[in-house]
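Since chain Z is already given, all that's left is putting chain F on it; use the hints.
Residues per chain, in single letters:
2 protein chains.
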Amino acid sequence: MTELKRSWIDSANAPGCDFPLNNLPYGVFSAGEGDLRCGVAIGDRVIDATALESAGILRADPDADVLNAPYWNDFMELGRDVWSSYRARLTAMLAEGAADDIQEQIISRSVPMARATLHMPFRVSEYTDFYAGRHHATNVGTMFRGAENALPPNWLHMPIGYNGRASSVVVSGTPVTRPQGQLKRPEDDSPRFGPSERFDIELEIGAIVGQPSSGPISVAQAFDNIFGYVLLNDWSARDIQAWEYQPLGPFQSKATATTISPWIVTAEALAPFRTATPAREVALLPYLAEPGPTLYDIALEVGLRPDGGPETVISRTNFNEMSYSSAQQLAHHTSSGCPMRVGDLLGSGTISGPERGNCGSLLELSWGGKEPLTLDTGETRSFVEDGDTLTLRGHATGRGYRIGFGACTGRVLPAKA
Amino acid sequence: MTELKRSWIDSANAPGCDFPLNNLPYGVFSAGEGDLRCGVAIGDRVIDATALESAGILRADPDADVLNAPYWNDFMELGRDVWSSYRARLTAMLAEGAADDIQEQIISRSVPMARATLHMPFRVSEYTDFYAGRHHATNVGTMFRGAENALPPNWLHMPIGYNGRASSVVVSGTPVTRPQGQLKRPEDDSPRFGPSERFDIELEIGAIVGQPSSGPISVAQAFDNIFGYVLLNDWSARDIQAWEYQPLGPFQSKATATTISPWIVTAEALAPFRTATPAREVALLPYLAEPGPTLYDIALEVGLRPDGGPETVISRTNFNEMSYSSAQQLAHHTSSGCPMRVGDLLGSGTISGPERGNCGSLLELSWGGKEPLTLDTGETRSFVEDGDTLTLRGHATGRGYRIGFGACTGRVLPAKA
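Chains as they are written, first to last, in our numbering: chain Z, 1 to 417; chain F, 1001 to 1417.
For reference, chain Z alone in the conformation it holds in the complex (with noise of 0.2 angstroms):
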């Protein structure tokens, strides 16, 4: 585990503070009516990443502008070893000591967090979600198929997995409508169509594949692959889901909106923080064994806050939870030969721990709504209400400082009448 790293910025080097030297995540960033900008976070600052190349400051790539564009894909698309120089380069500009021409330079370009305006910081090529949380699939699969078919038996053999929208996911702060769709409960004749009565949250992390690959790729090659992670809300509704997902599985149900918090923290800031899957009865066919630790120990929570009301923590757990890695979903991805691109994104699956407490979804939390959860506010919640603001923080721990996500968060509108 290491040390702190210390900045020139003095907000950078407090304790608990998401964004200190060891973690500079990235992103895109406006400010007033400007346009969108890569930035990098540092303590309470964004740093102009696309200003600090376009001055010859800072370049990724010496012949060409990869950063004069609202995403980082063309970034990711030059490769670790120039994610790694980069990040090297900048971290020794932003470290305490730096000379001070250096420090004016990065300073005045650069503006304070409060002022920016954050949007999607890559462009998602394809979205995919896995469902590699034993715990939730063990709840999910008790309440949906009785105690004994819990675990589908397929399930310890490989990360389950179905492709997504990408069209549909948004940064942190977007608000998000409750979706219409065909609503059938067991006791109905047939559907209605309507809003959705059990919308819903997922915890989740997302991995956002770096380097494309045209073939089967091993776990090592996968983890070297993915360039980082986002905190990651799938919303799901889940009555719509309950009639629509026999046998092709999860469609409208998925695709009105996925949020990511806005800052990509990068697998170079996260690796002090590795960790393997946990113990498993059934091993792993080759082509899935971890050749070393490639998950991550990262403390995760869930805040509920209610129209005009003070916010609830309803669920704390871990990464290190998960059965799959996101190294381990990629190799599996490209088992049958799918083609993967820079800017596909792989959502984790929700993350929820062995208790109550510890569960990514509203659905496992309220136990599909017949043990409603109470709010510190006195009131109560089987699912998401229209007017509830949800956020995800998550961090990992080292020693005096934390490699923080920032917030992933957003309010429900009514449906659309």
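Derived from the structure by calculation, the hints contain no laboratory data.
In this text the structure is predicted, and so the values were computed from the model without any measurement.
Glycine included, each C-beta is placed from N, C-alpha and C at the ideal position.
One or more of the hints may lead you astray.
Unchecked claim - Reference listing, derived: stretches of chain Z covered by chain F, where coverage requires no fewer than 3 residues with Cβ under 8 angstroms from a Cβ of chain F: (1) 123-132; (2) 155-161; (3) 165-172; (4) 179-186; (5) 241-249; (6) 277-291; (7) 327-341.
Claimed, not checked - Negatives, chain F to chain Z, calculated, CB over 10 angstroms: (8) 1062; (9) 1069; (10) 1073; (11) 1088; (12) 1090; (13) 1147; (14) 1171; (15) 1224; (16) 1275; (17) 1389; (18) 1399; (19) 1414.
Claimed, not checked - Label pairs and their calculated CB-CB ranges: (20) Z/417 - F/1085: 34 to 40 angstroms; (21) Z/376 - F/1153: 38 to 44 angstroms; (22) F/1274 - Z/112: 55 to 61 angstroms; (23) F/1156 - Z/376: 43 to 49 angstroms; (24) F/1099 - Z/417: 52 to 58 angstroms; (25) F/1309 - Z/185: 53 to 59 angstroms; (26) Z/112 - F/1214: 29 to 35 angstroms; (27) F/1146 - Z/185: 21 to 27 angstroms.
Coordinates of chain F only, in the frame set by chain Z:
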């Protein structure tokens, strides 16, 4: 039903020609070492639409080059009125009686079809596959779940769909490598990893979304937003699918390749062949009702050619068998608020007719491998074998002409060692 429109390009007037003046489908081609250009098929020639645009002879947008690109997406962005006026002007230029100088300007900007290499005609934004053929759903359901539970309870109420993988869509002629994956027969204790032994095709038609939408749209609007259609072969590994698909649907079984025909046949060219979906026993919810005929009468066939042998036509069917049109599928796709983008591709689902010889997959044609097909060579087939070339063909029939799609073909290569 309209008559043949005669062209001064004689080959376009021949009976049985796929590309008469009534058709004018859009593709992307290269000739020799030349770069990729937008082209229009007529008779045995490809008109260089990129050259017509740059020379100012035929422009879609007076102010911007939209065809100076290896795809038709920018053209689609311009919208329905432009699609229509461009087509009308091109039709006039190619019609019998066009001025000699026009004929000269065009013929000098065309190449023989035989010299053209065809490429993907558009950039696929996202790919969705449906399950909207009743015969296919009943056949597969009977094999997998028994005759009583053949049709899932939701099937009569909505077009069941799932998200596919856009990165795996390839143009006709691209070889397809047999996929590997997890395989587990019911009698096996645990899965193994190896080449699919039940690799299959799915005969479908793909609809291309030509206008974006950001919330729910009606079937009428969806119909207007569809730019055109292609043939589509959704290669499927049945054994990988059987083991992976519960509970979240097909994933790696469908991610190896999806082949499309190289010419986008426009909705306008197909307009005379509109037909309503078949009578249904259960009324649809209003958001899915057809505002008028939204399906098409398109005759389809599948050919299988073993390595070195002659082709056997193994199936003949018609697109008019489908229970849900592409427009109904697109409307359903947006019902949750899912944003749609130009270049989204919607697979119709496998198109099977009422009899065995009308089935659009080998799974059905060989009844799960229990009743192998006999080819004209005397060989038998349960599923696709290495070296087999599968070809889809389709056309609508007018008075003295047809609107053809050209071939959608792919040869299967052995799995990688």
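Each hint, compared with the structure:
1. A count of 3 residues in the segment 123-132 of chain Z with a Cβ less than 8 angstroms from any Cβ of chain F is obtained; the coverage claim is therefore met, three being the minimum.
2. For the segment 155-161 of chain Z, the assignment as covered by chain F holds, since 4 residues bring a beta-carbon within under 8 angstroms of that chain's beta-carbons and 3 suffice.
3. With a cut-off of 8 angstroms between beta carbons, the segment 165-172 of chain Z has 4 residues touching chain F; three or more are needed, and the interface restraint holds.
4. With a cut-off of 8 angstroms between beta carbons, the segment 179-186 of chain Z has 5 residues touching chain F; three or more are needed, and the interface restraint holds.
5. A count of 7 residues in the segment 241-249 of chain Z with a Cβ less than 8 angstroms from any Cβ of chain F is obtained; the coverage claim is therefore met, three being the minimum.
6. Coverage of a stretch by a chain is defined here by at least three residues with a beta carbon nearer than 8 angstroms to that chain's beta carbons; for the segment 277-291 of chain Z and chain F the count is 4, and the condition holds.
7. For the segment 327-341 of chain Z, the assignment as covered by chain F holds, since 9 residues bring a beta-carbon within under 8 angstroms of that chain's beta-carbons and 3 suffice.
8. No beta-carbon of chain Z comes within 10 angstroms of the beta-carbon of residue 1062 of chain F; the shortest separation is about 28 angstroms.
9. At roughly 18 angstroms, the least C-beta separation between residue 1069 of chain F and chain Z is larger than 10 angstroms, which holds for a residue marked as non-interface.
10. Its beta-carbon lying about 14 angstroms from the closest one in chain Z, residue 1073 of chain F satisfies the requirement of being farther than 10 angstroms from that chain.
11. With a minimum CB-CB distance of about 32 angstroms to chain Z, residue 1088 of chain F clears the 10 angstroms threshold, and the non-interface call stands.
12. Interface exclusion of residue 1090 of chain F from chain Z stands, the closest Cβ pair being 31 angstroms apart, more than 10 angstroms.
13. In this structure residue 1147 of chain F is separated from chain Z by more than 10 angstroms, as the shortest Cβ-Cβ distance comes to about 16 angstroms.
14. For residue 1171 of chain F, the requirement that its beta carbon stay farther than 10 angstroms from each beta carbon of chain Z is met, with the minimum near 14 angstroms.
15. Here residue 1224 of chain F stays apart from chain Z, with its beta-carbon at least about 19 angstroms from theirs, past the 10 angstroms limit.
16. Residue 1275 of chain F, annotated as away from the interface, keeps every beta carbon of chain Z farther than 10 angstroms; the closest lies near 26 angstroms.
17. Here residue 1389 of chain F stays apart from chain Z, with its beta-carbon at least about 19 angstroms from theirs, past the 10 angstroms limit.
18. Remark: the non-interface label on residue 1399 of chain F is consistent with the geometry, its nearest Cβ contact in chain Z lying 40 angstroms away (cut-off 10 angstroms).
19. With a cut of 10 angstroms on Cβ distances, residue 1414 of chain F stays outside the contact zone with chain Z, its closest approach being about 12 angstroms.
20. Between residue 417 of chain Z and residue 1085 of chain F the CB atoms are about 36 angstroms apart, so this pair conforms to the stated range of 34 to 40 angstroms.
21. Our hint of 38 to 44 angstroms for residue 376 of chain Z and residue 1153 of chain F holds, since their Cβ atoms are close to 41 angstroms apart.
22. Our hint of 55 to 61 angstroms for residue 1274 of chain F and residue 112 of chain Z holds, since their Cβ atoms are close to 59 angstroms apart.
23. Checked against the hint of 43 to 49 angstroms, the pair residue 1156 of chain F and residue 376 of chain Z passes, with Cβ atoms roughly 46 angstroms apart.
24. A C-beta distance of roughly 56 angstroms is found between residue 1099 of chain F and residue 417 of chain Z, which places it inside the suggested range of 52 to 58 angstroms.
25. Roughly 55 angstroms separates the CB atoms of residue 1309 of chain F and residue 185 of chain Z, a value that falls within the hinted 53 to 59 angstroms.
26. Residue 112 of chain Z and residue 1214 of chain F have their C-beta atoms about 32 angstroms apart, which keeps the hinted 29 to 35 angstroms range intact.
27. Range check, residue 1146 of chain F to residue 185 of chain Z: about 25 angstroms between beta-carbon atoms, so the 21 to 27 angstroms window is met.
Violation of the numbered hints given earlier is absent; every hint is satisfied by the structure.
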